[in-house]
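Participant: Counting in numbering that gives the first Met the number 0, the sequence shown runs from 0 upward without gaps.
Please keep in mind that the hints were generated in silico from the structure rather than gathered at the bench. Hints are supplied without guarantee of correctness; some may be wrong.
Claimed, not checked - With a straight-line Cα cutoff of 30 Å, these simulated DSSO-like cross-link-like pairs (lysine-lysine) come out:
no., residue 1, residue 2
1, Lys199, Lys13
2, Lys157, Lys202
3, Lys88, Lys157
On a predicted model such as this, the values are computed, not experimentally measured, just so you know.
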Amino acid sequence: MHLSTHFNFEQFQKMTPLNGDTIWSYILDRHAERIGVKRRKPALENLERIFGATFRLANDVGFRAMSLRDLCRETGLSMGGLYGYIASKDQLAEMIEDVVRHATQDMPPVFSQASAPQDRLEALIRASIYLSEILQPWFYFVFMDSRVLQVEQRSMAKNSELHLQTLIAATIQEIDGRPAGDATLLAAHCLALFQDWYVKRWKYRAAKVHVDDFADSVVRVVRGYLRVDGGVAGAGREPARTQPD
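Model the full structure from these sequences, guided by the hints.
Facilitator: What follows is the structure, given as structure tokens:
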């Protein structure tokens with residue numbers, strides 16, 4: 000499915016292969032050798048229960064302080080039932096990091112059909128923000144709790160971020176007439192803008208900022224700095240649509 004440069008969140012949701020519904024199937028298939036439960040429907044339901052509880056406990060007490068017994072109490076699963084899906088907290092953290100890495104590095108190439116680099120950059124910005132909206136708890140966990148990952152997983156998490164930063168920087172370098180400056184540094188600034196959306200969600204929820212309005216604003220900032228003319232979707236629409244919880 001091809002999208003225009005100015006695609007919105009609803010359009011992105013229809014074409015991304017990894018979303019709030021398909022993510023459980025991805026995890027089950029990806030870790031089929033680890034997961035001992037073979038009945039697919041209860042396995043998918045319990046994976047959703049396990050990861051949802053993990054994110055809640057990580058926010059409340061911190062992932063480092065959380066125990067597998069805490070997870071059992073939160074999910075209602077027995078210890079034996081939990082071991083059917085994960086063997087340890089390290090394995091649980093690895094699975095979370097894997098989802099974020101897969102989603103980031105295999106992001107749908109929604110920007111590839113745009114010939115102008117500034118249009119590809121806008122599409123890449125939008126896709127990054129919308130993906131973090133769909134998988135907000137996963138991105139938040141890796142940002143806040145990556146220190147609990149094993150050394151190899153910490154390295155992979157860093158490489159996922161650098162992969163996106165490198166892609167953005169390479170696209171910026173293609174733009175003729177852009178201001179002098181380090182494209183890699185500007186790409187890092189773009190990432191910081193994206194991260195503010197999923198790390199400080201409370202701030203935007205309180206202000207009733209919709210994800211499309213946030214994406215439009217980031218695109219304006221980047222295009223404005225790069226002195227690139229071009230329409231931004233929603234530039235003339237009414238602000239403050241309600242952001243769903």
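Participant: Now tell me, hint by hint, if it's right for this structure.
Facilitator: How the hints compare with the structure:
no. : hint            : verdict
1   : Lys199 - Lys13  : holds, 26 Å
2   : Lys157 - Lys202 : holds, 26 Å
3   : Lys88 - Lys157  : holds, 20 Å
The structure fails none of the hints (numbered hints given earlier).
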